[in-house]
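Spelled out from the first residue to the last, the chains are:
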Amino acid sequence: MSTLNEMISKPEVGGRKLSIVEALREALCEEMRRDDRVILIGEDIGVKGGFGGAFTVTLGLAEEFGHDRVIDTPISEAGFAGIATGAALGGLRPVADVQYGDFLFLAMDQLANHAAKLRYMSGGKLRVPMVMRAPIGATTRGAQHGQSLEAFFMHVPGLKVACPSNPYDAKGLLKTAIRMDDPVIFFEHKLLYGSKGSRKEVGGVEVFGTVPEGEYLIPFGQAKIVRPGKDITLVANLLMVHKSMQAAKILSESGIEAEVFDVRTLVPFDWPALFESVSKTGRLVIVEEDNLTGGWGAEVAARAADECIGFLQGPIRRVAAPDTPVPFAPVMENFYVPSVERIVKTVKSVVGG
Amino acid sequence: MSTLNEMISKPEVGGRKLSIVEALREALCEEMRRDDRVILIGEDIGVKGGFGGAFTVTLGLAEEFGHDRVIDTPISEAGFAGIATGAALGGLRPVADVQYGDFLFLAMDQLANHAAKLRYMSGGKLRVPMVMRAPIGATTRGAQHGQSLEAFFMHVPGLKVACPSNPYDAKGLLKTAIRMDDPVIFFEHKLLYGSKGSRKEVGGVEVFGTVPEGEYLIPFGQAKIVRPGKDITLVANLLMVHKSMQAAKILSESGIEAEVFDVRTLVPFDWPALFESVSKTGRLVIVEEDNLTGGWGAEVAARAADECIGFLQGPIRRVAAPDTPVPFAPVMENFYVPSVERIVKTVKSVVGG
Amino acid sequence: GPFMKEAVLTNERKLAMYRRMRLCRMFEERVNSLFLQGRMPGTIHQAQGQEACAVGVCEALNENDLLTSTHRPHEHAVARGIPVKYLMAELFAKKTGCCGGKGGSMHMGDPEMGMLPAIAIVGGGIPLAAGYALSFKYLKKPNIAACFFGDGAANEGIFHEAINMAAIWDLPVLFICENNKYGASTLIDTVMKVKTVSERATAYGIPGKTVDGNDVERVYQATLEAGNRARSGGGPTLLELETYRFAGHSRSDPGHYRPKEEVAEWKQRDPITLFEGACLASGLLNEKLIEETRTSVEIELDEAVAFAEASPSPLPEECLSDVYVE
Amino acid sequence: GPFMKEAVLTNERKLAMYRRMRLCRMFEERVNSLFLQGRMPGTIHQAQGQEACAVGVCEALNENDLLTSTHRPHEHAVARGIPVKYLMAELFAKKTGCCGGKGGSMHMGDPEMGMLPAIAIVGGGIPLAAGYALSFKYLKKPNIAACFFGDGAANEGIFHEAINMAAIWDLPVLFICENNKYGASTLIDTVMKVKTVSERATAYGIPGKTVDGNDVERVYQATLEAGNRARSGGGPTLLELETYRFAGHSRSDPGHYRPKEEVAEWKQRDPITLFEGACLASGLLNEKLIEETRTSVEIELDEAVAFAEASPSPLPEECLSDVYVE
Ligand SMILES: Cc1ncc(C[n+]2csc(CCOP(=O)(O)OP(=O)(O)O)c2C)c(N)n1
Ligand SMILES: Cc1ncc(C[n+]2csc(CCOP(=O)(O)OP(=O)(O)O)c2C)c(N)n1
Ligand SMILES: [Mg+2]
Ligand SMILES: [Mg+2]
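So the protein sequences, as listed, match chains C, Y, X and A. Residues 18 to 370 (our numbering) are what the first sequence spells out, left to right. Residues 18 to 370 (our numbering) are what the second sequence spells out, left to right. Residues 20 to 345 (our numbering) are what the third sequence spells out, left to right. Residues 20 to 345 (our numbering) are what the fourth sequence spells out, left to right.
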């Protein structure tokens, strides 16, 4: 994968190859050094001899910043989401995290009814500079530990949503999210974390991207064309960017040049870039791990069906998980998660048809 | 409105004019008489001298069926959603309700991670025959009491979603939901309840539909063309069906015949009927009170942009609430909630363009 | 150490508290009649009868302390000292309202006056107060957060989670339960086996205390005590104020679920009459002063209504702003 | 009245309990080695050291009672009597597994054997057990629901909401907290000020009790007692079982956050060794019987693995079924 990944996170001079876990940890570390108000709050994130969070992202940070800034919580997702929100109102910049994205449902009221709406309810007097990190994606853990949840939060006005596909974006977007004065839901894909630490996953993608030393920020709302192409636009995020890149490679062998569009942030979404790409290619396929019905891909399709209808030379199709919970058995999970083959097949059905 | 409403709920012989509140109450009453296992569970639903729920739907039922079957709960939405789920697993048919749909976020984990997935996790051994009723819609109560939440639940595989626009459908769909072996989220619009009881709302629509005496069921997954038309398909639910009907009337004066499509249930959705209508009219506008981005209308647009692309003579547009929380001030709320004028304007932009 | 108010109330402060209680009550009465005249949109949840809670607690707070409230926030906002004209304007849905017309009755508040917009999700404000207290502690500020909620909120999971975290981290926050016996139409005894809400403090290893919520001086003392404890690092307290709402749950509620005798009994213990009586007895108040207070409050309310009516409505498109900072 | 088991355990039952404890332990050990050989997908949370809880509780349940479990369900499922071959097949992700391969380690269970699929959301099973108990009470069945959860789950809001409702409605449900001192890497004392989880029962007005969770007879007696109370309309009990997990939190956890001495100490109190010792002392067991037990368990596990391996995988498309009934 690393060559594909090179194309994604444009290597910079003085950069080093990092996994997403390392890139995220570096972003947290840099921001905490830069700004005292940045604190971390979550389960098992700072315990001595512990995990550094469910996926080792915060490993070592308690040692450097102490337990006043790396706060281990009880298992109380709604509670610490609300406490992070309150602390943000009070002037801190909390970065909270749930161990698996699926647990965001426990904090849904605090995130959707409170964090997202407080600024509005106050007539613009309040700011909620908090980040909620959430690992998503199916990894043979079954129905309650494998969902993709972007669509739920993309649909909550007041929240911003990021979903990086590689270490370079992960670091740059997380640093931006932490400095942002609005609440951000920051999605990370478990299979992209990389194998450093004890948590290597079967089916994991070795994404070691080149990440520049030190300071850089990536603005929200700027998508990235990770592969230019003239025949069709493939819109994807997180793990699906990599599968789309693989599909694009295969497709080009049969003369189809796909443009791969990495959304990077769902809220705000880079609509102008999408419309430009679709107007150019005339064809659109959206690739998401989320369940088909009501996934974020539906919004992308809907916008294109409004703005680009005159340019479309074929149906807009989505490659997504079927409308079922995440199954445990690998044979079923592999059928559930969109595969490179399904992407190729769907693209051909659009280009052909 | 009542004439429009006539067209919606096809009067039957022996029918009486009922408000949606009365129709829902009658459905609960009939099902409770028919089946001992049907129980109600919620806040302030059976208290002597109380409200009969936030909108009087359960008024009088505790008197007939007793407090073992009309169970008043503490203010514990997650808890009683889970208890209703457990009771359903144990063989009862609970009909739970939240006082305002907004509070469903508190029960999101129990509904989305448990009720929706238990059957699947058990390999098909379990059934979860429960209903969760939820009043939605903006009624000058502000950001935490006026959201439309259909999209969140349409996106959870394992849940079914109903959203009736009139008394006839309300009764028939609720009876079906109660007899169904899958968990159902049943949305009701506050402005459609009708003025019976103490709860008349400003801007409320007087929907007194003709409802036949006694037994009838309306299957899920059957949309209703409430107004036939050849020029454009207007897809709507709940209150927006009525606004779409008003818009259609105005449009026909300028020679545009809109076909108004009442979805009735979002899960399952009557896709064949939608595709048939759009293939016929060649134009599609979706009208929803939900926030635009990621609303259920996006899914409708996405499906049509896949299945009907060859028939489309114009862009697919959505008339929805903007991506903001619900504002309190009526002047702002009226701007927020899709108006008849906006529907007319949007339709003309599509038919014209 | 942090600034701590005197436990003993000066006459001056007592008179101010008396006037504030009157202002709370008369504000609610004025709002009620305006609402009945159809001059206010939405619904309202009023607090007549709970003035001693609002005023007693707020009197014990410092300027930069933080207050959170509920769906029943009018008196909390008045007691916290937000000028009534901005509250009235909010209820009139005007641009000059404390929330610019975006909040309304259930979200009254003003962060610049030390009160978050009220939270209308029962229990929803509890973790926000705890989190705000975390920021106070982290930033080494001498302040506390005080969180109002009702008896009904004590059965929400968030009550459990937030109080537990405040307890283990010794956060400077007061959890103040206005126990008015009912959550909407639901009698507390039917949804809780324990006799008092404050007993639940034991589950978190923090002090719990139940006091007469209609005795404004008791409420003040109890809040001050718990507040001083919190300010000096002693952690949170669960303070239960036994009180009663004279009006229905919301405007549309005639309150038939409450025995007439019970209502009558509590009206006998009207917190304003009680405090007035005490002040009359001690000679601090007299009929003339009482009359003057009423008149000055009337004038303040007249001006507030005039201000609200004269204020512009927001523009429809303004509903699009204040969603994000950037 | 409802059927209630004898408090005094016959030798026959003790021997059965002993074998079941062995089966639990050896099942976990077998699963562990199979997992390390890469023959099982996903992750696993094992319960070696907690056998007395699983077996003591399940011994006190009747056939049609209902058990709910957690992310650490293997021993609960074995103790409940689900044939190990179906559990093994589930871990092998086979169609013959107790969940047809859709559940996996964290959702082990079989409703037809009186155990819901385990709930992997910490605390998530608590209201389900209470709701199931509501159905028992409503349908006038003589049964109870028993709900396992960990010490960490006692800080989830759902714990508060569900136990409170079970209390006010006197539901026939047992809330059984396996307090193994840690929630993942988090020491209970750091996330709770109270010394025991059972103290929290007072907040709901129900009995709370803490017993030695490594003493299977004590666990049985306590569960039976609470169960009889529940069966006869006395309502729920919060039962805390003090125990310890010998292994890491999950397969990937070396457990460095626990003092070696602590682990060693608890291993001294291995629940199986303790019960074995007692049975040897009373002459109920002898080396020969112990050896025979081990052997028969080995054979049962060999057969389970053989069954699992010989079983077909589900078809990929089968992931589309079992979402809805209709
Ligand atoms: C989470 C949630 N559930 C239900 C409601 C509806 N509701 C509004 S106020 C109320 C009663 C609250 O009772 P209590 O907490 O005692 O406060 P009080 O009204 O007595 O001041 C209810 C059920 C709500 N606003 N939020
Ligand atoms: C709601 C939720 N939050 C977090 C997790 C991740 N997680 C799984 S097990 C666990 C620790 C649970 O501790 P405890 O309840 O004591 O059970 P134990 O593992 O000790 O048996 C955590 C945090 C989860 N599965 N669900
Ligand atoms: Mg109350
Ligand atoms: Mg534990």
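In case anyone wonders, no lab produced these hints; they're calculated from the structure. Certain hints may be false.
Computed list of lysine-lysine pairs in DSSO-like fashion (alpha-carbon distance at most 30 Å, straight line) [what the hints assert, rightly or not]:
1) A/Lys212 with X/Lys212
2) X/Lys200 with C/Lys65
3) X/Lys228 with A/Lys228
4) C/Lys65 with A/Lys159
5) C/Lys297 with Y/Lys65
6) C/Lys362 with A/Lys114
7) C/Lys142 with X/Lys279
8) X/Lys114 with X/Lys200
9) X/Lys200 with Y/Lys65
10) X/Lys24 with Y/Lys65
11) A/Lys104 with Y/Lys192
Just a few of them, taken from the derived set where beta-carbon distance is under 8 Å, the chain X residues facing chain A [stated by the list, open to error]:
12) Lys200
13) Val210
14) Met211
15) Thr215
16) Glu218
17) Tyr223
18) Pro226
19) Gly227
By construction, the Cβ of each residue, glycine as well, lies at the ideal position given by its N, Cα and C atoms.
A quick look at each hint next to the structure:
A hinted pair counts as satisfied when its Cα atoms are at most 30 Å apart, and A/Lys212 with X/Lys212 qualifies at roughly 23 Å. Restraint check: the Cα-Cα separation between X/Lys200 and C/Lys65 comes to about 46 Å, which exceeds 30 Å; the hinted pair is violated. Of the supplied pair hints, the one linking X/Lys228 and A/Lys228 holds, its CA atoms being roughly 25 Å apart against a limit of 30 Å. Proposed proximity of C/Lys65 and A/Lys159 is contradicted: the alpha carbons are some 51 Å apart, above 30 Å.
Between the alpha carbons of C/Lys297 and Y/Lys65 the distance comes to roughly 66 Å, so the proposed pair goes past 30 Å and is violated. Restraint check for C/Lys362 and A/Lys114: the C-alpha separation of about 29 Å stays at or below 30 Å, so the hint holds. As the CA atoms of C/Lys142 and X/Lys279 are separated by approximately 43 Å, the hinted pair breaks the 30 Å bound. Restraint check: the Cα-Cα separation between X/Lys114 and X/Lys200 comes to about 36 Å, which exceeds 30 Å; the hinted pair is violated.
In summary, the hint linking X/Lys200 to Y/Lys65 is supported, as the alpha carbons are separated by about 16 Å, within the 30 Å threshold. For the given pair, X/Lys24 sits about 46 Å from Y/Lys65 by alpha-carbon distance, which is inconsistent with the 30 Å threshold. For the suggested pair A/Lys104 and Y/Lys192, the alpha carbons sit about 42 Å apart, so the restraint of at most 30 Å is broken. Using the Cβ-Cβ criterion of 8 Å, the hint placing X/Lys200 at the interface with chain A is not satisfied: the shortest such distance is roughly 16 Å.
With a least beta-carbon distance of about 6 Å to chain A, the hint placing X/Val210 at the interface is held under the 8 Å criterion. With a cut of 8 Å, the hint placing X/Met211 at the interface with chain A holds, because the nearest CB-to-CB distance is about 7 Å. Using the Cβ-Cβ criterion of 8 Å, the hint placing X/Thr215 at the interface with chain A is not satisfied: the shortest such distance is roughly 11 Å. This hint holds: X/Glu218 has a C-beta 7 Å from the nearest C-beta of chain A, less than the 8 Å allowed.
Interface restraint check: X/Tyr223 against chain A, minimum CB-CB distance 6 Å, threshold 8 Å, status holds. Annotation: X/Pro226 was flagged as interfacial toward chain A, and the flag is violated, the nearest CB pair being 11 Å apart, outside 8 Å. For X/Gly227, the interface hint is violated, the least distance from its beta-carbon to any beta-carbon of chain A being 10 Å, above 8 Å.
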